[in-house]
Amino acid sequence: MTLEFNNVSFSYGAGFSLHDLSFCLQPGECVGLIGPNGAGKSTILKMLAGIIKPSGGDIVLDDMKPEDLGPRVIAQKTAYLPQQRRFHWDISVRSLIELGRLPYRRRFGGLLPDDHRAVERAIELMDLKAHANRPVSNLSGGEQARVHVARALAQDAKFILADEPTAGLDPAHQISLMRCFAEHAKTGGSVLVSLHDLGMAARWCDRILLLDNGRIVMEGAPDMVMTRDNLARVYGIRAHVSRTEDGLVIATAGLSNDA
Amino acid sequence: MMKKIYSFGCTTVSAALLCTSLTAGSGQAHGEPGRSETAPRPQRIVSLNLCADQLLHAFGFDSRIAALSYLSTDPQYSVIAEDARKFRTVRGSAEELVAIQPDLVIAGPYTTKTTVAMLQRLGKRVLILPIATNFAQLRSNIASVGEALGEPGRAAELIRAFDRRLLGLKRRVTGKRPRAAVYYTNSVTQIAGSIESEVLKFSGYRNIAEELRLSPRGTLELERLLQVVPDMIVLGHRPEDYKTVLADNLRHPALGNYLRNHAWVAIEERLWICGTPVVLDAAEKLIHAWEKTTRGDRP
Amino acid sequence: MSTPGYPSVLSALIILSLSLGLLSIFVGPAGLTVAQVIAALSGTSGDGDPASIIIWQIRMPRMLMGALAGAALGLSGAVLQGYLRNPLAEPGIIGVTSGAALGGVVAIHTGLAATSLFALPLLGLLGSLITVLIILGLAGFRGSPLTLILAGVAVTSLASALISLVLSLSDNPFALTEIVFWMLGSLQDRSLEHVGLAAPPILAGLGLLLFTSRGLDALTLGEYGAQNLGIGLDRLRYLIVAGVALAVGSATAITGAIGFVGLVVPHLLRPLVAHRPGRLLGASLFGGAALVLAADIVVRLLQPEYDIKLGVLTALIGAPFFFYLVLKTRRELIS
Chain G
1 MTLEFNNVSF SYGAGFSLHD LSFCLQPGEC VGLIGPNGAG KSTILKMLAG
51 IIKPSGGDIV LDDMKPEDLG PRVIAQKTAY LPQQRRFHWD ISVRSLIELG
101 RLPYRRRFGG LLPDDHRAVE RAIELMDLKA HANRPVSNLS GGEQARVHVA
151 RALAQDAKFI LADEPTAGLD PAHQISLMRC FAEHAKTGGS VLVSLHDLGM
201 AARWCDRILL LDNGRIVMEG APDMVMTRDN LARVYGIRAH VSRTEDGLVI
251 ATAGLSNDA
Chain R
260 MMKKIYSFGC TTVSAALLCT SLTAGSGQAH GEPGRSETAP RPQRIVSLNL
310 CADQLLHAFG FDSRIAALSY LSTDPQYSVI AEDARKFRTV RGSAEELVAI
360 QPDLVIAGPY TTKTTVAMLQ RLGKRVLILP IATNFAQLRS NIASVGEALG
410 EPGRAAELIR AFDRRLLGLK RRVTGKRPRA AVYYTNSVTQ IAGSIESEVL
460 KFSGYRNIAE ELRLSPRGTL ELERLLQVVP DMIVLGHRPE DYKTVLADNL
510 RHPALGNYLR NHAWVAIEER LWICGTPVVL DAAEKLIHAW EKTTRGDRP
Chain W
559 MSTPGYPSVL SALIILSLSL GLLSIFVGPA GLTVAQVIAA LSGTSGDGDP
609 ASIIIWQIRM PRMLMGALAG AALGLSGAVL QGYLRNPLAE PGIIGVTSGA
659 ALGGVVAIHT GLAATSLFAL PLLGLLGSLI TVLIILGLAG FRGSPLTLIL
709 AGVAVTSLAS ALISLVLSLS DNPFALTEIV FWMLGSLQDR SLEHVGLAAP
759 PILAGLGLLL FTSRGLDALT LGEYGAQNLG IGLDRLRYLI VAGVALAVGS
809 ATAITGAIGF VGLVVPHLLR PLVAHRPGRL LGASLFGGAA LVLAADIVVR
859 LLQPEYDIKL GVLTALIGAP FFFYLVLKTR RELIS
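Protein chains in written order, with this note's numbering: chain G, 1 to 259; chain R, 260 to 558; chain W, 559 to 893.
Each hint can be trusted.
Computed spacing ranges between beta-carbons, pair by pair:
| id | chain 1 | residue 1 | chain 2 | residue 2 | range |
| --- | --- | --- | --- | --- | --- |
| 1 | G | G28 | W | S566 | 40 to 50 Å |
| 2 | R | D422 | W | D729 | 36 to 46 Å |
| 3 | W | T602 | R | D342 | 55 to 65 Å |
Since the hints were derived computationally from the structure, they do not count as laboratory data. Computed from a predicted structure; not experimentally measured. C-beta: ideal position from N, C-alpha, C; glycine also.
Produce the entire structure from the sequences given, and follow the hints as far as they go.
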């Protein structure tokens, strides 16, 4: 029940590459993927979701190679939330969330009771009940972001791969989203989420992968990885890191070369 | 390039168009235009028109023909296609004509208008031959060509021969007046005021197109053709003669089935597309087709 | 929601196209009376009766060909719009029908169509296949609406020029009139033989295209979203290319290029199916058939006084929609 990266590398053009990445996503954990722009966060998530193929190394999903599982099974096991969150047609919120059930549905078949249950649960979790029958274009940006998450939740996948899902959400909805991911992990699922909000990552993730320039520079518990020095080295920022009763609190003060 | 063929068949031309615009040649600048006795006999004659080609050819002065129109060699539309290959053919551009240096140009009323205007400006003799839509105009056209050629005697001979044959055919026509419909590619038919309609009537038929309300383009849709159940369907060229999707009306199985049980006759379009004495070949076929039908033969 | 349910929308469209199909049997230049048509339909008039021949051999195949061509164009429009996520995508506008018409012209004027019956639909198919591939290659998946339309304009002009070229070289007296047939489309004198030739590939194409509904639904979330839902985009692309080429190619080889059907029909029906791209497919199939049948009924009501080509009517209906959609997507077009 794991999603593994074994010595995975990837190169795109001349400028960008990932080198020899290895890590394992265990059941029951919410892992935060942090690092500056261009570090390779989105690429890692896309590879795990089966959208792009690594140029070297293996991805192992539940002891199987994704090629042997087929796209449908991969879709049942991994739900991916892309960074680009656009709806191309103005369908209703409910229809959109129902798309999450596509990997389970027979061609031309309707929704089964199981599907309806999953959809209702996702609507509930993302606080969308009041909007369920509205066209998605009627919703605010934050509400639309929640619709996307609800679609991924409806997919009922063990592994949730989310690319900056909190962008554009108000603090309350950011927290309820992260809480939802934590809940998912607690019930035996796994979450890999890329975040720019270091505070969110510190508070809600069990483990942090710190990425820089296509490499994992550090991996471990938040208080071990997200130190003043590491953040200064990778991001080039001055940050205040303090331990409180609510967990680790990180506040950015300025750029490291300001001083 | 579209050959402007159907314009002959579908257009009524008033007699006013009989404008023999014979402009004086170089030798007789002040002579009276159109007077054959004063005009010299032209030796380099060019025809720019399919119908003029055939009339001119009928006079039999091959050595005096400098060029015929490019259509004269098309076997679909020209009865002299084989023979016309002996001559130079022209498309009717001003450039070609200047090079040939003709002393008489015969043209139709509609096409090659700019060329004709230029020739007239240059003072060349131009005969504009009206479209013959009836036998009277046909005779008058023969006479005009004869006059322009300086051969009125030969023209009279041709007209006498035409009338003799006309009289002979007339005796075979019964008074029954069967209804005929001409049906061509793209559902084109022949409406009143065409030489085809005149030939049909002479051959003892009523032209259905004159009784029906047709579009100005003169088309008769397949389902109307089958509905009116003509006594005789007159077809032109076969669908395979031209590779065009517009001949699909002739390939339609409904027509094929219908023709198996009804009288029809194929008249090659070259026989009557122009008002020349050859139209009597078409008349003879039409008369013969009706004789066969009344005898009970199937076509 | 206030929109009607999908089954009722679909059945309404089926009933509409069936009624228009039936109505079109009653309309034609021969002006048969209702009684005559009913007698011919019920088989009580004799076999050799003109009304019976007109109904069964002329109006029936014309109706069937119209319904097939309309279904092919309507469904292809809905599929292309869903796949490219662009409301301006349409077989006519992006040049697929012109490519197919060129194929038809080549089949007829090389004499291939006379040698083998299958040459006509086959070359139409080939023509549309090549244009679909060019369009997807030029403007493809991530192209903006503007790129797509520019590519369509280029392909259409090229195909039209080649049609005129082939017709001019063929030295046939009907060339100009024939160009009108191919550019505007017509159901005039389409026979049961034509239906027999075109129906199998059109139906096969329609079948393939109906299989794209899941993929098109998933594409509402964009390419990555669709892939994550287990949609193979390559497979989807092959289905669409093959389906559009089969359906539009074989229909256009028989009827000429009937424009705008694939634009108008999905646009009108989208609100009725709550904008869901998958559900739009079945609706556009029947909606397309209904639109072409209705347009052909009008064409025949105007006969014999006016010979209006089918494509003239569909353009009169369709072009205003096109303008409207351009205005609507203008911001996107400019960016």
